[in-house]
Amino acid sequence: MTLTTEKRSSEAELIDQLRTGDEGAFAWLVDNYSPSLKRLALAFVSDDGVADEVVQETWLAVITGIGRFEGRSSLKTWLFKILTNRAKTRGARDSRTVRFSDLEHGPADEPAVSPDRFLPFDHPRYPGHWATPLHSWSALVEDGAIRRETMDVLRRGLEALPRSQRVVVTLRDVHGWTAHEVCAALEMSEANQRVLLHRGRSRLRSILEKYFAEDV
Amino acid sequence: MALNSDTDPRNHMSDDTLREMACQELVEVITEYVEGTLPESDRRRFDAHLTTCASCREYLEQMRTLIRLNGDLTVKSIEPETRDSLLRAFRRWREAQTDL
Numbered sequence: 001m002t003l004t005t006e007k008r009s010s011e012a013e014l015i016d017q018l019r020t021g022d023e024g025a026f027a028w029l030v031d032n033y034s035p036s037l038k039r040l041a042l043a044f045v046s047d048d049g050v051a052d053e054v055v056q057e058t059w060l061a062v063i064t065g066i067g068r069f070e071g072r073s074s075l076k077t078w079l080f081k082i083l084t085n086r087a088k089t090r091g092a093r094d095s096r097t098v099r100f101s102d103l104e105h106g107p108a109d110e111p112a113v114s115p116d117r118f119l120p121f122d123h124p125r126y127p128g129h130w131a132t133p134l135h136s137w138s139a140l141v142e143d144g145a146i147r148r149e150t151m152d153v154l155r156r157g158l159e160a161l162p163r164s165q166r167v168v169v170t171l172r173d174v175h176g177w178t179a180h181e182v183c184a185a186l187e188m189s190e191a192n193q194r195v196l197l198h199r200g201r202s203r204l205r206s207i208l209e210k211y212f213a214e215d216v
Numbered sequence: 001m002a003l004n005s006d007t008d009p010r011n012h013m014s015d016d017t018l019r020e021m022a023c024q025e026l027v028e029v030i031t032e033y034v035e036g037t038l039p040e041s042d043r044r045r046f047d048a049h050l051t052t053c054a055s056c057r058e059y060l061e062q063m064r065t066l067i068r069l070n071g072d073l074t075v076k077s078i079e080p081e082t083r084d085s086l087l088r089a090f091r092r093w094r095e096a097q098t099d100l
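Line by line, the protein sequences give chains W and D. Residue numbering for the first sequence is 1 to 216, as defined by our numbering. Residue numbering for the second sequence is 1 to 100, as defined by our numbering.
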């Protein structure tokens, strides 16, 4: 990820403000990053309350550590690093803590779309093509009432994903992290990150398709 | 005699770039396509397939809609009590700094 000069200087400004005790700057940071820090914590600990504690400990470590922050990484990367270290320290005491690599990833070769939706690969004219055309629903979500219900369906679908898929999709799509940031924070390869993102998004698309086929 | 790579039929016979992408294959590489990490030759096959397949164009549109909707999901803010206690801790730290 390349930061623009503008972003970089505003980050430097923010760090200066924190060091000089600007409460507004600290409050801004807490408001902006607490939700994604909690999501990241939930990749390592399964208990919601423990995740909250890890986030809180991270902020306390930020307060005492900002004077030592040298700006070699971005502030965001530094925050994530503190959090993952806290979550791992927590792991030494808390048996409910799980390593990301041990998380439920979902079936190994889960197809994005059920194979029965396609013509067989030995079909003489259209091998592997859609058996029936796809219905269009993208435009429907612009309608206010449908949109609200769609968002509820989506929220429930996201919570029901296997945990590793949920963490990756949430950090990427909901919190807007880059692939690089997710890989760094979860210590996973770009390829693994992409597989989890792909499976998670594909499942969610199927859920929305099913919802639009049945209820609208 | 060494064959020129362009005229060597072996370089074309099993060339995936000549094989049309099936819909069932497209739905598996769509994330790489959207992420911009799909290799150039597959990206061309993907784009070529889209020009002939309305269902796959719709599928891509649905994926993009999904990503956009995910981005509009609201995130749960930090609990006000936790926020207050963190701000108090920050003020205590600031006061300790000025006392030095």
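Worth double-checking, as some hints may not be accurate.
To be verified - Below, a list of computed lysine-lysine pairs in the DSS-like style, where the Cα atoms sit at most 30 Å apart: (1) W/K88 with W/K38; (2) W/K210 with D/K76; (3) D/K76 with W/K76; (4) W/K76 with W/K38; (5) W/K38 with D/K76; (6) W/K38 with W/K81; (7) D/K76 with W/K81; (8) W/K88 with D/K76; (9) W/K76 with W/K88.
FYI, nobody ran anything at the bench for these hints, they're computed from the structure.
Checking against the hints above, which ones are violated?
-> none
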